[in-house]
Amino acid sequence: MKILVCLKQVPHQDARLDIDGAGTWIKEDGIKFEINSYDTFALEEALRIKDAGEAEVVVVSIGPDRVTQALRTALGMGADRAIHVKDAEIDGSDTLGIAKVLAAVAKEESPDLVLMGLMSDDGNASAVPPMMAELMGVPSATAVMKATPEGDGYRCERELEGGALEVVDLAKPCLIAVQSGLNQVRYASLKGIMAAKKKPMDTKSAGDLGLSGVVGAAGAKAQIEKIYAPVRGEGAEIIEGSTDEVVTQLVGKIKELGLL
Amino acid sequence: MDFRFDEDQEMLQATVREFLQGEVTPEAVRALWETDTGRSPELWKQLAEIGVPGLLVPEEHGGMGLCEEEMVLLIEEAGRAALAEPVISTAAIAVPLLNQIGGSLASEWLPKIAAGEAIAAVGHPVSPFVEDAHVADLLLLPDHGGALHAVTRDAAEVQIQPANDPSRRIASVEFEASAETRIADGDEASRLFAATLDRGALACAAGALGVCDRLIRLAAEYASERKQFGKPIGSFQAVKHMLANVKVKLEYARPLVQRAAHSVAHHAAARDVHVSMAKLAACEAATLGAKTALQAHGAIGYTWEQDLHLWMRRAWSLDHAWGRSSFHLGRVREALFAGALPIGPGTTFSGDA
Chain A
3 MKILVCLKQV
13 PHQDARLDID
23 GAGTWIKEDG
33 IKFEINSYDT
43 FALEEALRIK
53 DAGEAEVVVV
63 SIGPDRVTQA
73 LRTALGMGAD
83 RAIHVKDAEI
93 DGSDTLGIAK
103 VLAAVAKEES
113 PDLVLMGLMS
123 DDGNASAVPP
133 MMAELMGVPS
143 ATAVMKATPE
153 GDGYRCEREL
163 EGGALEVVDL
173 AKPCLIAVQS
183 GLNQVRYASL
193 KGIMAAKKKP
203 MDTKSAGDLG
213 LSGVVGAAGA
223 KAQIEKIYAP
233 VRGEGAEIIE
243 GSTDEVVTQL
253 VGKIKELGLL
Chain B
164 MDFRFDEDQE
174 MLQATVREFL
184 QGEVTPEAVR
194 ALWETDTGRS
204 PELWKQLAEI
214 GVPGLLVPEE
224 HGGMGLCEEE
234 MVLLIEEAGR
244 AALAEPVIST
254 AAIAVPLLNQ
264 IGGSLASEWL
274 PKIAAGEAIA
284 AVGHPVSPFV
294 EDAHVADLLL
304 LPDHGGALHA
314 VTRDAAEVQI
324 QPANDPSRRI
334 ASVEFEASAE
344 TRIADGDEAS
354 RLFAATLDRG
364 ALACAAGALG
374 VCDRLIRLAA
384 EYASERKQFG
394 KPIGSFQAVK
404 HMLANVKVKL
414 EYARPLVQRA
424 AHSVAHHAAA
434 RDVHVSMAKL
444 AACEAATLGA
454 KTALQAHGAI
464 GYTWEQDLHL
474 WMRRAWSLDH
484 AWGRSSFHLG
494 RVREALFAGA
504 LPIGPGTTFS
514 GDA
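First to last, the sequence lines map onto chains A and B. The first sequence begins at 3 in our numbering and counts up by one. The second sequence begins at 164 in our numbering and counts up by one.
So that you can see chain A by itself, here it is in the shape it has in the complex (with noise of 0.2 Å):
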């Protein structure tokens, strides 16, 4: 069995984020990098199934060479071979042109199972697993919290709005995007980060993947005009006084709008 892992290196959940010159995204110059915490669920899960069983887990990132460091993570965690797909030409590509990068790599790779997590930190879009999963021509769930053997395939529980749970069977070969929360990440052994280097890491380029035009900025169909940060908002009223003057005065507050 063959296990596709889609990892996205975002930037570190501690990092300062600035906005660039441009005003269309971050500075990257002197920020550190992570998985994107969604993906490391999907690692890991594709991981225990290796552990389970015969499986090789195949790990893939777009990006530029900073992305090697996640893909070694990734192997130093236990998966097996990873592929690094490089190329200026994808720079400024919208979720499709990513889907459509995935989805190239995937066909090459002809996987049993995709995982990968439901979104990423830095872009929220949600977008590129049932992309992917229409490109492959493969069943796809997302949001997934529990994915079990059944039969062929996969049973799927996914998270619904309210707590609710949704079931649905997947026939292999299938997409799974995971929500987070869905298993215990393990840390990458020191061990494994030295056993990494030894493990095989391709490079690919769009042209490679057939997709030389396709995908980048030009072929995109989305562009991001603009990021902000959020302008702080006027009108808000700082209630002063002894605390039961404060609480009198919240609650009156509250009635006024309704709430109560």
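Be aware that one or more of the hints could be misleading.
Covered stretches of chain A (in silico footprint by chain B; criterion: 3 or more residues with CB under 8 Å from a CB of chain B, positions within the stretch not fixed) [claimed, not checked]:
(1) 65-78
(2) 187-198
Between beta-carbon pairs, the in silico distance windows are [to be verified]:
(3) B/Asp-165 to A/Arg-18: 27 to 33 Å
(4) B/Glu-181 to A/Gly-153: 34 to 40 Å
(5) A/Asp-154 to B/Asp-317: 56 to 62 Å
Simulated from the structure, these hints should not be mistaken for lab results. All C-beta atoms in this analysis are idealised placements derived from N, C-alpha and C, irrespective of residue type, glycine included.
Given chain A, work out where chain B should sit, using these hints.
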């Protein structure tokens, strides 16, 4: 000398940092203070799973076969997290000593240590107490005649002693020295103890770097939040400059620790002086960090609930462990007066490969 770490070394450090950030919170450190041993067998096992105790254990014994250059990075992280587990006493001191001793003792204990199944602690004439002796399965101890002995804990009388740092557990250890327990004596024992002292002091220096960094961050965070005269106190020069002074000391100490690690790992002739320079600089930075962080916090810094204690006490205990500053100053002074060290601007690292 090129002090840059390669990608592998940086990833090793980042891996340990991520693990400790997730597993060793200040609350977890405080919780261990309330236990009899002050140590967590579960955490030690987890550390073994990611490879920390076996970092210096040769590969044939189940370890990673790396050297002090990597070890100082891990110990810096341990200091940053205020980790209480016996990483210094076992992984950084006992393991290389066992490597040096070799033979059946090493073959028996190194695989157990790498697997997280055994803890070892080392005594030294420089200190009357042995850190982590109360949880050690193997004790490597000096006798009154300068010989080195190996005894199991059940063959020794271990008496816990009070320590300023609740995470630090030190003990006086009595044992019956015999021909069976003796590992080395004479010049051979002196050589082993000298190397052990250098490794112990180097480990303290590395830990002090992490402690100092954490103290600066704690103080800077507090100074950014605490307001006086309508402004964060960190915006006042009197506060920001004193914190910057600690940061300068820390960054000046860091290359000395890295150079000392290189010297120990490669058996440089001047390794003892390099270690002393590193210990002096790193512990000076850490103790200044403790003093400054306390001053930045003001009265609240004295409260038991403030986490500042975790790192202040660690700074003070590292400063006193494996040779006090007077001892290390003495080693540097002797080297200077003997003409073994170049003096003047730009000479600190001259002669280093």
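A quick look at each hint next to the structure:
1. Check on the stretch 65-78 of chain A: 4 of its residues sit with their Cβ under 8 Å from a Cβ of chain B, so the three-residue criterion for coverage holds.
2. Residue count for the stretch 187-198 of chain A with a Cβ under 8 Å from a Cβ of chain B: 7. That meets the three needed, and the coverage hint holds.
3. Look at B/Asp-165 against A/Arg-18: about 29 Å separates their beta carbons, and that is inside 27 to 33 Å.
4. Hint check: B/Glu-181 to A/Gly-153, Cβ distance near 38 Å, so the stated range 34 to 40 Å holds.
5. A beta carbon spacing of about 57 Å between A/Asp-154 and B/Asp-317 agrees with the range 56 to 62 Å that was offered as a hint.
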